[in-house]
Amino acid sequence: MKLAGAGVAATSMGALGFSEAEAAEIAHVRPFKLATTTETRQTCPYCSVACGIIIYSKGDVRKGGNAEVVHIEGDVDHPTNRGTLCPKGAALKDFVKSPTRLLYPMHRKPGSDKFERMSWDEALDRIARLMKDDRDANFLAKNEKGLDVNRWTTTGMLAASATSNETAWATFKFAKSIGIVGFDNQARV
Amino acid sequence: MTNAWTDIKNTDLVVVMGGNAAEAHPCGFKWVTEAKAHRGAKLIVVDPRYTRTASVSDYYAPIRQGTDIAFLNGVMKYCIDNGKVQWEYMKAFTNASFIVKDGFGYKDGLFTGYDEEKRDYDKSTWDYVLGDDGFAVTDPTLEHPRCVWNLLKEHLAPYTPELVEQVCGTPKEKFLKVAEMISECSTPTKTMTSMYALGWTQHSKGSQNIRAMAMLQLILGNIGVRGGGMNALRGHSNIQGLTDLGLMSHLLTGYLTMPTEKDTDFDTYMSTRQFKPLRPGQTSYWQNYKKFMVSFQKAMWGDAATAENGWAFNYIPKLDVPAYDVLRMFELMNSGKVNGYICQGFNPILAFPNRAKITSSLSKLKFMVTMDPLETETSRFWENHGDFNDVDTASINTEVFQLPTTCFAEEDGSLTNSGRWLQWHWQASSPPGEAKHDSWIIAQLFLRMRELYRKEGGAFPDPILNLSWNYEDENEPTAEELAKEINGRALSDLMDPTDPSKVLVAAGKQVVNFSQLRDDGSTMAGCWVYSGCWNEQGNNMGRRDNHDPDDTGAYLGWTFAWPLNRRTLYNRASADINGKPWDPTRKLLEWDGSKWTGYDVPDIAPTAKPQDVGPFIMNQEGVSRLFARGMMRDGPFPAHMEPFESPVENVFNRKMRGNPVARVFASDAAQLGTSAEFPYAATSYRLTEHFHYWTKHNRVNSALQPEFFVEISEELAAEKKIEHGGWVRVWSKRGSVKAKAVVTKRIRPLICDGKPVHIVGIPLHWGFTGSAKKGFGPNSLAAFVGDANIETPESKAFLVNIEPSTAPKDKEASV
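If you read the protein sequences in the order shown, they are chains R and S. Going letter by letter, the first sequence gives residues 1 to 189 in UniProt numbering. Going letter by letter, the second sequence gives residues 1 to 815 in UniProt numbering.
For reference, chain S alone in the conformation it holds in the complex (with noise of 0.2 Å):
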């Protein structure tokens, strides 16, 4: 999120689509009730069921899942066309006047330089035009033919009502009363917020879908400002942390990004990573990156990491792929090339696509070890359970450990919300049985396993024997000890920059936050942009003063946001190019005419000139990109796609399927249905009564849902002779399941390309372990196949057949 959930009370009109907050997030989205109530606000939802968030907003408008692109495009070009852009915002913080390079173009649903044999783009014209200076070339005016305006304005030409209604299958009315409703939050006094989450992640093109709702709020002037702002409603409670902390495949902490074949050395690495300004003046933050690098990798190996051998960058692996992500991890699991495979409290046979390959994939391993408080599906996926999981137990070959942790009630520690805000909490239970900390358990295999190389040597022992591992008890680190590492600490004395005679940190001291980080080995920061999380005032995790001045929803001093305790990003954009607040009421910085003071921790330099310096200080431009140069794989506008299993075909090129540009495994491929033989367009969800696989194993929650059911509309169940409450089976290219049916007036057809498609709902929450009944999950049917520039799977749109069925057999039934 880049504003707070506390913000959201500050809205004119809440946008949900890609997501059911009243259903996921409940709390949450009582500031949208508090917004409704107390501002007036107004809630439109666009989704494919008139979901519980529809059940309380203004207007609902269907849309078919997979075509949010088509739809945003519209609502942009209505905007555009009919005048209704927050234009001095739009002029001054976006790179709308930056001129593009010749050759740039779109035609047939591609963008130029497409190599259909590669699955890539060519993307040198996708590029500014740059000066004598070095610098970006602009016209203020908009009146060149290639500035980003007009080459916007250009690609949004075929995005008219009717297309929208042709693609989306949302009726051209209702697509109007949308799209006109968004474009009142065109003035300087009326804000929208975009409230979404993995209805939009959950696509071949995810991030494109993201992207035309961070550029429709761009040209409304809605990133910044208090109300405003794009929104991400995260999954876990401490998704945002694990990303933060660079948890993934091709991170590593504060945004850093792991180095790939490419960097052969340290220098090498850093020489694409300092973001030079692309315009005068601009800060380009990213120009510190050193900084955060060096005093990451003292984090990681102290001493061992010195200026002589770069910091020991040769410590770290070396990408030769963008990603072993887990799609690219479980595809070489099942061709045999992987052998061990540690799954902490995570359970992939529920979570990723095409359970089949899941199994397949686990029962190859020679070993797996999985860290959990619960049973879960995957650490008994060897179990035979009938038709909930009909498995060959003797034939799998496959050791398992299963090691039982601690719970949030039996720990220490923070947890990140989607606000940014890192919450302390404090263990209120003993563990049961011999559950244990997760840390303990992964300071244990540390330990054993540099024990054993400290004996036996082996393959490349350096970044083991000489990681960090500093703590009062080696055995088990306090959750105190790895928040201090994480935010940082000097490491010799600190001398003041202004005041070479003055001593800022002493040595042994921590930072206050990343401001105080240097590049010359000096400083440790496991993650900068934790820093000041815990300083030399303590644990700022733990502050808990609700006071909020004025109302505003900032509650700065409320735990500790990153960064720098900052509530809302990019919030300098809340004020003009002056420096005076868009709207006075709903003020969060201003420009006294020396520095920037507000309700928020300002997000520029406190002393930056309004007039010279841009909003979006972590790019090179100071502006914020409705043209996304060569960042983005699959384009840098976004254009409609079709998902890979899709009932209708690409109204921009007929023969396209799904995105160009993603990868596709040639077995994956071969298991693509069409929907000659599928004709059915099935989406995933959530309910409110449940969270993911674990609640099941709650009595409460698994008596008020207690069984797994698929949601269909009642003409479709009239066509297939389907009872409500009857059972039905479901089934793809992929799997099958059986579910009873819901038979609702929820879900309706939708007219699309001219013909009628049918939507069939599955919600995830039910496995073969737990208090529930046994049941099954959309991803036994989902396509193996992920976003383009993430690789997240397309688990939100995929095609199903659908018939009357009889009830699942257990094993026991069976016997």
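One chain only, chain R, in its complex shape (with noise of 0.2 Å):
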């Protein structure tokens, strides 16, 4: 098992293997594949070491274009990962590129055995409606007591604990301004 660790981060170290030589030769027939990339810094998404790592893309977001990830590494300049990786961080192109990423909202009906694909509009819509609706039919304004307690029980939510602070702080506003209690992340488990 240890071995096959080793493997992921020998695939980027392999390229530096080669002789000056035969790198003169790779370079004059084939260009170095990162010199057009742009470099953007970035943080890896799994564990909470949190490890600097630099994507190469093609294209800039920045300029207005559209960009595609060709290689990440580990960022030498970080204090704590000081460009090493793990197994899974140095396969992080793979979580980009999954082929099971999802591209389009889907949609199940009840009793359904199939997703199908369903505009962001529709889908939105729908989910505000279901959700006011369940809202102004369950939502505890008062107690016994004629205390405002202005609790909503009967829909919940869970946060995703790989979400950015930023992220976090708008999820937060909208879940505990609706009312919502039943409202955890993974902190939890």
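Below, simulated DSS-like cross-link-like pairs (lysine-lysine); rule was C-alpha separation at most 27 Å, straight line:
(1) R:K109 with S:K811
(2) S:K774 with R:K93
(3) S:K364 with R:K109
(4) S:K337 with R:K109
(5) S:K118 with R:K145
(6) S:K773 with R:K97
(7) S:K809 with S:K774
Calculated Cβ distances over 10 Å to all of chain S for the following chain R residues:
(8) E20
(9) E22
(10) P31
(11) F32
(12) K33
(13) A35
Just the calculated beta-carbon pair ranges, DEER-fashion:
(14) R:L34 with S:G433: 21 to 31 Å
(15) S:Y471 with R:P99: 33 to 43 Å
(16) S:G433 with R:A137: 33 to 43 Å
(17) R:K142 with S:K809: 46 to 56 Å
(18) R:G83 with S:T585: 24 to 34 Å
(19) R:R129 with S:S675: 44 to 54 Å
(20) R:G83 with S:K809: 44 to 54 Å
(21) S:K337 with R:E39: 50 to 60 Å
Read the hints as simulated data drawn from the structure, not as lab findings. All figures in this text were calculated on a predicted structure; none of them were measured in a lab. We put the CB at the ideal spot given by N, CA and C, even for glycine.
Fit the two chains together into the complex; they arrive one by one in their own frames, and the hints show the way.
Below, the structure written as structure tokens:
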């Protein structure tokens, strides 16, 4: 198992294993593939060590265009990981480009055995309607003593501990202001 | 973590117990090998399995899962009995000298005040004796029989090496070797660090596991110092951030707490939260609670939050139970009391215990929304996959929306790591297909609901209509806008309290940090502990100065750490009562006669005199607590409790099952197994090649670890006629899985309470979506019961049976 883990690191190291002459020869026939890419400072999204990574993309989202990831490696300037990555981080590009990445909103009707495509507008309108109807029907404004309690217990939400702090703050504002109390993230488990 | 990953290099002894850092946090674990190689540090691993961390340890001791408190109490007793205590630190910086009320005691495994019917304690005796001046009475000589130190010694008395061996299955000589190595760190110049993870939290007494080690660290003088601390290795990249930001049922942001039905108005809410100091001259920083709370309410509801309406206090929901935690929510769902559920980046059918109950619960929903970059088992819980997801699709009437989100590479924002560093990252890639940012999706749901409430009215629309949502494009708040809101700003000119003619912060400007927040409505801040992350200097989370003067490992110029860019919590405790560093070679702070100076941001007022003000400024006492008063539901001292499903009885009280105050729903109590029926002690864990249920979608990681397996000892394999590589069925009272058997020397039977205990290890990375082979996980089997204080499920210790079997069948294969 250890050998297999080391193998991931070896794929990026292997490119450095050529002698100078061989490297020159290869450079002659094939330009360095990262030379025309955009470098972006990033953080590995897996565990809480938060290793620094550099993502190399074709294109640049900051210049308004599309960008596609071509390579990800450890950030040698980062104080914690100093360029190293584990077998998960070393294969991060596979996550970004996974064949099971979700591309479109999908909808499963009650009792159905399949997902069907749905437009964003249709999905969001329908969810908002379902939520509002449930909230209006089951929101507990006051308890038996007449005190404002403003609880909505019949719809709950789990937030994602891999989202950014900024997304989390937007999510917090949404969930707590509509009165959801069944609200947790992975810290609970 | 009290300390940072990069600080681990400063340690002399690493204790990995309740975790497996080499496997689950490999690049952080490098700082352990750094300490070993360059400082001569030693590594101890205490674990039921000989883990990858154990394979590079200096000493390994086995332990039965769920018995860590007995082990740690045993170590504390060993240290105290042998005089291996950092006496000066312990006397000055803990509540050892505080006198406890008469009546408090411990007998037959229970503390004073137990009510069996309520499964709760009357905690009125679990407190200090208060003097006429309102302050806690202390005896600095530690001679008073009712002082915390003497009560602690009494509490620890039964935890002899023999008892540790009987309960934990750790051979006496191995326990003594570990205790002896740890006790050496009681000198002011030797430091130990504790690195733990879900191996300690996922128990019905998880909070007490951690508390036991924290107490040991305090006795040894290892909190607040370089190379020391209590270091929780958190599971996800931003699990720390989401907790800091209060995305939990019982929390608001920055560890402000959700109001309960007892908090009838704002003043009543505040009356139980502005903790008065319990000793003269102490900081008790929560006295500033109101500033943070009012600023939070202003961040939420802007002008609608006024002094007159109690800062819109009635907008916040009031809890009638301690929390609507996930176990409670799924219990309600399974009882038909929940209609809608949103799972944002969360996979409950694999992540929560008793999968059959989770599937049954989701099947009773009217609608479910999932938001993920990848397929999840939860979004397809209704889909039949033969043995791997044996559901009757047609009978499941839940309407499901599967919404595609961006992943990390496609967004800007910050993540908070275990060491509390908020690190900014930048978008590198375009989202695939129609995938959208989570913040866009949330904004859309909010705007659509707000519009419906504007048009139609409905149940109490005020908190929705008045929610502050002032972004340049309200359809998609940017990460920068949200981060600035979290930091906070002045809503009107803030005048300098020392010179009222001077404007400290002009209206509309970012506050420098939370020290500028006010309780009069003139400031707003989303999360006070994060304040300072994006002030008028700019985005401090994006800083990249990796200089480290004198190689302390602090890296103050790298990103931003909360609070106030402080890298080591309680760092004032790195110096003695006069402000001199305990270890001059590992100085963090020093009192120069008028102020604190050093390598870190002081965790105390910069001019607080060392003899007067204690280092634990968040505590009313100014010192740390060896005795937790009534703040823990299951006792002021950690006491041995067995898991709810245990192969042996509790030696302190043979009738007691699990944690006597943990909440157990009736339907779950009926689903607890006994050792007669389920003789083997199971535990769950990760593998280094996988991250939860994500990396099975990656071809590389799926190739590295393609298939679900369970690990058992050679002895158990022989007893059950199980072959290495053969199929086995593992089942509990709640479910059954099939797996390949890995028969290994890394797991050995233990002798506990006079009988052999076999351990079954179950990794957690498989499901029925992705590139890896279809498989199962430990939560198909684990019990639906949580920690008494925080309701984290007991997924690390449950009972199973095992037998040779045949391969599981997929749907296609069975047709």
